[in-house]
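Student: Sequence:
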Amino acid sequence: MNFYILLLFLILKQSKSNGYHALYDTKIAEAAVDKHDWQILWQERDENGLDILSFHKEAPGIWLVTFRARPISLRNLRRYDIKYRIIVNNMRRHIEFLLEEIKEGPPSIEMGNATFLNYLNFDEVVEYVESTPRFSTPYKLISTEVIGRSVQNRSIPMLRIDNAGVNDTIVVEAGMHGREWISVMTAVYLIAKLVREGDDFPELGRLNWFIIPCLNPDGYYHSLQIEGYTFHRKNLNVEYCPPKQYNCSIESCGVDLNRNFAFHDIKVGIHGNPCVGTYGGRRSFSEPESQALQSILKLYKDRIKMFISLHSYGPFILYPWSYKKEKCNDWKDLVRAARKAVKAIQSVTFNATHYKIKNIGTEFGPTAGCVEDYAKHLGIKYSYRMELQRAGNRVFMPKLENIKNFCKENFYGIAALAMHISKQPEKLGMMKGKAKDVKEVKSSQDFVKPNILYIMFLYGALLN
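Under mature numbering (1 follows the signal peptide of the UniProt record, and there is no 0), read the sequence shown as residues -17 to -1, 1 to 447, first letter to last.
No lab work stands behind these hints: they were computed from the structure. Accuracy of the hints is not assured; some may be wrong.
What the hints assert, rightly or not - Below, in silico cross-link-like pairs of lysine-lysine (DSBU-like), each with a Cα-Cα straight-line distance of 30 Å or less: (1) Lys284 to Lys310; (2) Lys406 to Lys339; (3) Lys323 to Lys387; (4) Lys406 to Lys281; (5) Lys315 to Lys391; (6) Lys391 to Lys339; (7) Lys310 to Lys406; (8) Lys308 to Lys284; (9) Lys326 to Lys391; (10) Lys339 to Lys326; (11) Lys123 to Lys281; (12) Lys284 to Lys391; (13) Lys382 to Lys323.
When you get a sec, could you build the whole thing from the sequences and use the hints?
Tutor: Listed below in structure tokens is the structure:
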């Protein structure tokens, strides 16, 4: 049986302008490999820093995979007689074209409104989030918080929508992986709909919303630059990288935040080589970005009815567990709710988008340290990872004209999930047989104080 593999080869050269490395001779290729050759690809990841961008099982024993590799991996494919077909000959030029397209494209913000005709840069994301509190009403308080700061001291903003008399809360996080731009845009679209058009979706007003549009601001910022950390997945913690024992470049370094949430002793899928895309850090919750999200989930765990982590690409709606080949005990409830999302997306799709509902551990193999597992472990019943739409050979970068439509589809999916969950009689989040806890790193944000404006808001609502 063959595996049909989509391969992304990246060859790096030293950038004279800033001392870092930049994408130079990148190729996207398609190859058919058997099971033995599939194992070789994973060996290349472990030994030569292969960066797997995306993979999923299409059928028993069949995966579609996207990854990046140094020249040695390309030579090894030839040595093992793994045939491939080039799809994009030079990814650097391709990315340069995409970034120029963004630069020369329509404005991303007009009159304070996000247009969704172009990608927002990080400063624009922050500016937009900070502009929303003016839409508060006597019964809906909109506020913003900085829940933490990144390695490079960028703020991690969170938008809060607190509806009077409402306790149940939805938490949506995006931008954990810097290069997954459409996840950030989807989160901003969700904010725009809830803040500006909330009256059109009254059922969503029965919930409070905490939306973190860009958990990894350093990665997102640098992924939009042609020099340095272009196409970057991880955060920018390069304190111990590149280590002398590995032959890698500095832009390969950092911590994969979605391997930094381990609450158990299992380390499957977490790589110890800082050059590899799935490097999980020196310990669980070692990174300021993961600590920031941890603090919110821990502080409000008894109020949170659903947690969604937005990524790209799929399209998939994924549910725990990730760290082992087992479904969570209440997986049928999660699948039932996810079907509502799939149906809603299909009702508005412009591109025949069909999300598949999958369990992570059984479908893709165990991967520890993922945030959806951590949220589930805390007792948040409905915990998902949404892998958003794929952009063809543009990888994580949908065309500008597709941004708004993709975001619209995703919004209706998230809204359908939320509306279904809001009708459930109670939050049945606590589970039996939790995995063995490990000592958790506390963030300085662990004990975020209630917003005084929120207290005043509730008091005023009661008087009315």
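Student: Kindly indicate which numbered hints from before are broken by the structure, ordering the numbers from low to high.
Tutor: none
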